[in-house]
Structure formats: C-alpha cells, structure tokens
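**Student:** Residue-level listing of the chains:
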Amino acid sequence: GAGVSQTPSNKVTEKGKYVELRCDPISGHTALYWYRQSLGQGPEFLIYFQGTGAADDSGLPNDRFFAVRPEGSVSTLKIQRTERGDSAVYLCASSPILAGASGELFFGEGSRLTVL
Amino acid sequence: QKEVEQNSGPLSVPEGAIASLNCTYSDRGSQSFFWYRQYSGKSPELIMSIYSNGDKEDGRFTAQLNKASQYVSLLIRDSQPSDSATYLCAVRLSGGSYIPTFGRGTSLIVHP
Numbered sequence: 420g421a422g423v424s425q426t427p428s429n430k431v432t433e434k435g436k437y438v439e440l441r442c443d444p445i446s447g448h449t450a451l452y453w454y455r456q457s458l459g460q461g462p463e464f465l466i467y468f469q470g471t472g473a474a475d476d477s478g479l480p481n482d483r484f485f486a487v488r489p490e491g492s493v494s495t496l497k498i499q500r501t502e503r504g505d506s507a508v509y510l511c512a513s514s515p516i517l518a519g520a521s522g523e524l525f526f527g528e529g530s531r532l533t534v535l
Numbered sequence: 605q606k607e608v609e610q611n612s613g614p615l616s617v618p619e620g621a622i623a624s625l626n627c628t629y630s631d632r633g634s635q636s637f638f639w640y641r642q643y644s645g646k647s648p649e650l651i652m653s654i655y656s657n658g659d660k661e662d663g664r665f666t667a668q669l670n671k672a673s674q675y676v677s678l679l680i681r682d683s684q685p686s687d688s689a690t691y692l693c694a695v696r697l698s699g700g701s702y703i704p705t706f707g708r709g710t711s712l713i714v715h716p
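Chains A and B, in that order, are what the protein sequence lines are.
Its first residue numbered 420, the first sequence is counted upward by one per residue in my numbering.
Its first residue numbered 605, the second sequence is counted upward by one per residue in my numbering.
If you're looking for bench data, these hints aren't it; they were derived computationally from the structure.
Be a bit skeptical, because a hint or two may be false.
Below, computed lysine to any residue pairings styled on SDA-like, alpha-carbon distance capped at 20 Å [stated by the list, open to error]:
#, chain 1, residue 1, chain 2, residue 2
1, B, Lys646, A, Leu458
2, A, Lys436, A, Ser492
3, B, Lys646, A, Lys436
4, B, Lys606, B, Gly620
5, B, Lys660, A, Glu463
6, B, Lys660, B, Tyr675
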C-alpha cells in the first residue's frame, strides 16, 4: 500500500488478556517505530527497529510489552496481561532511514486499544 | 521537567489572524526540531522542520528557532478553519538514538 497500515484499527479486550497489534510500513522503509498516545498527550516512544533488530527499546514500559519485526518489514507489538492503563492509541511510523536525518516519520492511522 | 513542553491550549484565533504556537525543550544539545499537525482522530503529519537558529518559511507557516533560549515556535499566517488541529512539537534529543521526542501538543481552534 501507499501508506503505513495498522490493524486492527480498534481493539477492545478484557484486563489480563493478550493482544497483538500489527504494522505494515511503507515499502522500502527500513526504520519502523512504535509510539503510544494517550488522550490529550503527545506520542510517547516505545521501540524503534532498523531492519529486523530492535535498535532502541528504551520506551517499552515493562516486560509485558514486546515487539518483533522478523523479516524487516511487518512488525507486531505484543502486550501480555493487559491492564486498564494500557488503553491508548498505538501508533506505528516508518521512515526510509533513521528519522533523525530528516525527522519525518510517516504515521499509520493507529490502533485504538481499550482494556476493560 | 518534561523534555519537550507545550501549552495544551486550546488556542483560539479568528480566521485570518496569526496563530503563534510555542515549544520549549530541556536538552541544550538538541539539533533538530519538527512541527507535526494532527487532526482529531487522525495520525500526525510533518509540516515543518528546522535545524538552524532563525526563521524558516513555507507558505503560510514559519518556524522559528532560538537554541540559546531552547525555544521553537510555529507561526501560521492567515489562519483558516481548516488549520484547526493539534500541533505537536518534536525534538531530536542529543542523547540515545535520536528518536524524535514529542510534546503533548497544542490544540488550535480557528473560528470563522
């Protein structure tokens, strides 16, 4: 596709359940980022991939959160034992190279996660 | 102190006026600064980037950077109702892997 694609667009789950959120970046973009955005806040960095490897996972809040990008394209963010505080919009972004050079991140429309 | 600070607003201006959006940052070594626009329920999109002290103009938008004061601003001239959105300031901090760090955003409302 032309843009970053995220699925599902909405996910409602119960506390304690496991959730997977998928991101398909723009074709050819080697860098992929996950951010989390709560209501009234800016995007909060979670993890960054350069190719297949997680180059920076310093933003993951705890060990319930994990992300993979096995073939250097599609990425999956995995959240175990979800908590109500995990409710947010999870944004995926990609860029052709490390975003620092131009600063432009191309964002998907996000996956809205609601934990009941 | 948060690394990137913005007033959440809302900032309300009449159509045709100049909207001024401000952002301060804590890391004196930061080199790259960005403004993203986010419409309600949509994802952020880059509208301006600035790297050197001074002004950078692009159409109705002007970004201003003052590294000594650790301050970056965005001016929108001839504001239109379609400019109503949240404006996010992002900064590449000097430490770590240079991932853009975002402020909380300022909500702008342009009323006819």
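**Student:** Hints first: check each against the structure and report whether it holds.
**Tutor:** Going down the list of hints, with the structure as the test:
Straight-line distance between C-alpha atoms of B:Lys646 and A:Leu458 comes to about 13 Å, which keeps the hinted pair within the 20 Å bound. Restraint check: the Cα-Cα separation between A:Lys436 and A:Ser492 comes to about 26 Å, which exceeds 20 Å; the hinted pair is violated. Our distance criterion of 20 Å between C-alpha atoms is broken by B:Lys646 and A:Lys436, whose separation comes to about 27 Å. With a CA separation close to 33 Å, the supplied pair B:Lys606 and B:Gly620 exceeds the 20 Å bound.
With a CA separation close to 27 Å, the supplied pair B:Lys660 and A:Glu463 exceeds the 20 Å bound. The hinted pair formed by B:Lys660 and B:Tyr675 meets the criterion: a straight-line CA distance of about 14 Å does not exceed 20 Å.
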